[in-house]
Amino acid sequence: MEQMQAADGTPLKRSLKRALRRQKLRALALVAPLLIFVLITFVIPIGNMLFRSVENQIVENTLPETISALKDWDAQGGELPSDDMFTLLYIDLWLAQEQKLHTRLGSRLNYEVSGVSSVFRKTGRRVGRFDTDIYTEQFTELDPAWEDPTTWVALFEDDAAADALQLTARTWDRWSDYLVSEDEDPAAEDIQDFLFTALHFDLSRAEGLTEGPPILQSAAEVAGSFKTVNLKEAFADADNDWADLELWQTLKLYSPTYTPGYFLNSIDMQKSLDGIEMQPANEQIYITLFGRTLWMSLVIMGCCILLGYPIAWLLANLPARKANLLLILVLLPFWTSLLVRTSAWKVMLQQQGVINDVLVWIGLVSNGDRLVMINNQFGTIVAMTHILLPFMILPMYSVMQTIPPSYLRAAKSLGATNWTAFWRVYFPQSVPGIGAGSILVFILAIGYYITPEIVGGTQGVFISNRIAYHISSSLNWGLAAALGTILLVIVLMLYWAYDKIVGIDNVKLG
Amino acid sequence: MADTSNAAAFVEFERVQKSYDGETLVVKDLNLSMPKGEFLTMLGPSGSGKTTCLMMLAGFETATHGEIKLDGKPINNIPPHKRGIGMVFQNYALFPHMTVAENLAFPLEVRKLSKSEREAKVKRALDMVQMGEFGGRRPAQLSGGQQQRIALARALVFEPELVLMDEPLGALDKQLREHMQFEITNLAHDLGITTVYVTHDQTEALTMSDRVAVFDDGRIQQLAPPDTLYEEPENSFVAQFIGENNTLEGRIEEVQGELCTVKLDSGDIIDARPVNIAGPGTKTRVSIRPERVEFMPERLSPDAHLLDAVVEEFIYMGDTFRTRLRVAGRNDFVMKYRNAPDQRRLKKGEEIRIGWLPEDCRALDA
Numbered sequence: 001m002e003q004m005q006a007a008d009g010t011p012l013k014r015s016l017k018r019a020l021r022r023q024k025l026r027a028l029a030l031v032a033p034l035l036i037f038v039l040i041t042f043v044i045p046i047g048n049m050l051f052r053s054v055e056n057q058i059v060e061n062t063l064p065e066t067i068s069a070l071k072d073w074d075a076q077g078g079e080l081p082s083d084d085m086f087t088l089l090y091i092d093l094w095l096a097q098e099q100k101l102h103t104r105l106g107s108r109l110n111y112e113v114s115g116v117s118s119v120f121r122k123t124g125r126r127v128g129r130f131d132t133d134i135y136t137e138q139f140t141e142l143d144p145a146w147e148d149p150t151t152w153v154a155l156f157e158d159d160a161a162a163d164a165l166q167l168t169a170r171t172w173d174r175w176s177d178y179l180v181s182e183d184e185d186p187a188a189e190d191i192q193d194f195l196f197t198a199l200h201f202d203l204s205r206a207e208g209l210t211e212g213p214p215i216l217q218s219a220a221e222v223a224g225s226f227k228t229v230n231l232k233e234a235f236a237d238a239d240n241d242w243a244d245l246e247l248w249q250t251l252k253l254y255s256p257t258y259t260p261g262y263f264l265n266s267i268d269m270q271k272s273l274d275g276i277e278m279q280p281a282n283e284q285i286y287i288t289l290f291g292r293t294l295w296m297s298l299v300i301m302g303c304c305i306l307l308g309y310p311i312a313w314l315l316a317n318l319p320a321r322k323a324n325l326l327l328i329l330v331l332l333p334f335w336t337s338l339l340v341r342t343s344a345w346k347v348m349l350q351q352q353g354v355i356n357d358v359l360v361w362i363g364l365v366s367n368g369d370r371l372v373m374i375n376n377q378f379g380t381i382v383a384m385t386h387i388l389l390p391f392m393i394l395p396m397y398s399v400m401q402t403i404p405p406s407y408l409r410a411a412k413s414l415g416a417t418n419w420t421a422f423w424r425v426y427f428p429q430s431v432p433g434i435g436a437g438s439i440l441v442f443i444l445a446i447g448y449y450i451t452p453e454i455v456g457g458t459q460g461v462f463i464s465n466r467i468a469y470h471i472s473s474s475l476n477w478g479l480a481a482a483l484g485t486i487l488l489v490i491v492l493m494l495y496w497a498y499d500k501i502v503g504i505d506n507v508k509l510g
Numbered sequence: 001m002a003d004t005s006n007a008a009a010f011v012e013f014e015r016v017q018k019s020y021d022g023e024t025l026v027v028k029d030l031n032l033s034m035p036k037g038e039f040l041t042m043l044g045p046s047g048s049g050k051t052t053c054l055m056m057l058a059g060f061e062t063a064t065h066g067e068i069k070l071d072g073k074p075i076n077n078i079p080p081h082k083r084g085i086g087m088v089f090q091n092y093a094l095f096p097h098m099t100v101a102e103n104l105a106f107p108l109e110v111r112k113l114s115k116s117e118r119e120a121k122v123k124r125a126l127d128m129v130q131m132g133e134f135g136g137r138r139p140a141q142l143s144g145g146q147q148q149r150i151a152l153a154r155a156l157v158f159e160p161e162l163v164l165m166d167e168p169l170g171a172l173d174k175q176l177r178e179h180m181q182f183e184i185t186n187l188a189h190d191l192g193i194t195t196v197y198v199t200h201d202q203t204e205a206l207t208m209s210d211r212v213a214v215f216d217d218g219r220i221q222q223l224a225p226p227d228t229l230y231e232e233p234e235n236s237f238v239a240q241f242i243g244e245n246n247t248l249e250g251r252i253e254e255v256q257g258e259l260c261t262v263k264l265d266s267g268d269i270i271d272a273r274p275v276n277i278a279g280p281g282t283k284t285r286v287s288i289r290p291e292r293v294e295f296m297p298e299r300l301s302p303d304a305h306l307l308d309a310v311v312e313e314f315i316y317m318g319d320t321f322r323t324r325l326r327v328a329g330r331n332d333f334v335m336k337y338r339n340a341p342d343q344r345r346l347k348k349g350e351e352i353r354i355g356w357l358p359e360d361c362r363a364l365d366a
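Taken in order, these protein sequences are the chains called A and B. Reminder that position 464 of the first sequence reads as 464 in the working numbering, one-by-one numbering, no gaps. Reminder that position 17 of the second sequence reads as 17 in the working numbering, one-by-one numbering, no gaps.
In case anyone wonders, no lab produced these hints; they're calculated from the structure. None of the hints are false.
Selected chain A positions facing chain B (Cβ under 8 Å, derived; list incomplete):
{"id": "1", "residue": "LEU414"}
{"id": "2", "residue": "GLY415"}
{"id": "3", "residue": "ALA416"}
{"id": "4", "residue": "THR417"}
{"id": "5", "residue": "THR420"}
{"id": "6", "residue": "VAL425"}
{"id": "7", "residue": "PRO428"}
{"id": "8", "residue": "GLN429"}
Even for Gly, the Cβ is constructed at its ideal location relative to N, Cα and C.
Pulled out of the complex, with its shape left as it was, chain A reads as follows (with noise of 0.2 Å):
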């Protein structure tokens, strides 16, 4: 077929796409600032959440060489690492404790493991009065010019040496980058005890160094006949725990730049040596609590239904005055602050509150055995069916306010009794907004914190709350991040299977 061409005789696609490319352009400009707004206040956070459940690399950044020497050890032998692995953690810890990241790394490994926090502090105080000081004496006495920076400065700037230092020169690596960072000099800094531990360490296996500058040289002849510091008995003695097989086993279970963990967390179980097993049945939480997150969601979204739809039937039928005052009534919660109505309720709902004693002066309760109908699953249930009520009402309302009155009408003159012409006409045509409400409110109350936070007592609490606490008072933000994402999850499924099954199409806001 031939190609269509404009008046010029320019293709008349390329044409169309010019004189379009302006109006592109200017809707793009016009979205521009909330697109930005979304991406930075919703997009980015999110992505941020989903990594952050995942991520574990504070465990190989803070003791790299222990975990990649621990690659090599077996687990499940029954056999404690090696005393070189112990050089290795004594050079990761005290880099670490120096830049404090001990601490850190300890209350990573206390959410798998309890105890390990204090472990990693108790050793972090002790590692630098350990007896490695003879290392740095022996090789003084051999060349006061180990003493000097600017001899390893020098020194690792020659690549022979470097190759042949490997742990030496990786560890001088994080020591000098670490005081850059401190805005520090590498070459005015004392060179610290756990720098002729890694020398030691490798010099003792390098076998006939011939090359590199002659300080070196001489140190190689000698470094093997060195006096020696058990550092695998030093540890043991600064934490008993060191000796125990179990954290070293975390350590490697825990190793990997991505876990799992967080996420077997999330469903109360857990990694072992053996695979994935459940949490002990005394620690398990999670699985409960998502249940009853999602059931009372459920309950209350059955409320919202039940007493909202009257309502709504009410306003899109009702003359124009009347209904506006009964919106206003409808909205009016919103113009009160969420924590006035939740704190409110606690008022109605306490034991001394207004119901109980409304009730107990009309004689329906005895005043010793006062209802308990807050700080539990009643109370939450009330509250929140309360403040999500108009999310529900309004959906419905919008959607009834479009179905004609003519339709009932017609279904009466047809023959219908009330109930028929409501049930078979006008209910139908109603549904749309039940389901736009349902899922509005369903997914609000599946996230919602304040109110059972305030009301919820211990039975009535949602998993939002469980997640508040890990991100403000546990500060175990991958366990938050992974159970916020399974809430993702869980909302975004729902989400589909509504719309396999009533299509979202169906689902009005107006």
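Got chain A sorted already, so can you dock chain B onto it with the hints?
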């Protein structure tokens, strides 16, 4: 007025009044009686009470006073779903969540007919409106005219004896409307059903109905067959409302049986037929149809009173010529005449004399 004590009356309104707010009457003292099988149209401007009357008959509004009878039985206290009256709504009110066939089956279902009966009746009703193929469609997939037919079929499928239609053709374009007018009247006559039809379109009323009730201000102004209504309006509202009409205002000079003379406000004297006047000296409005005005001298009777006129505008309309004249001090007097070989085309500014037969000029209430 029709005889309200008609024994054969199928639908009867007896002194019916309706007020919504307790202060004003929307329907004032309505009396109406319809025999079985009649096609009656309620015609009137909006707010004249015609739709309220229909709704009272259907049972959606209750009469404030008076009685409505169907087939001799008062129905004031019968709920709408027990009245068995078919109804076609202005916007069709087809249930959007049901297919066409389900819509039609709905009245049969609530009447608990068996499935096979339902299917047979739905099919017959669809065939009746030539929509047999469309049973599986949703109303939204149909054009306006098709929806109209379905609405009609649904109102008829349970075989009611009375069908009410509330401006059913209002949403259709002109051509389709004319076609549907024809179909509805044919169907109504073929099935022998009694029909009450509400519209504000006078052409529709004139072409479809056996009788037309012209509503204004909550009252029936005139109830008559279309030709009577057009040619013999009883008051100036009906004369104005039905068809095109010239109105001249003046006072009665003299009444002589079937003839009277009227002195217009401009001082001219014209002949008219006294219809709705109080007597000599009272004010009157005379009404004359544009097509009954003559200007060719040979067609005017010599002893008639004639008026001087100046042509203001001449409009060529194909089959007719429409001329706007300045007559007796007003310039909205319209004369229409046929495009025939013996007719003359007037020119703007031309001065002519016009006149009419006295019986074509009706002196009505002022």
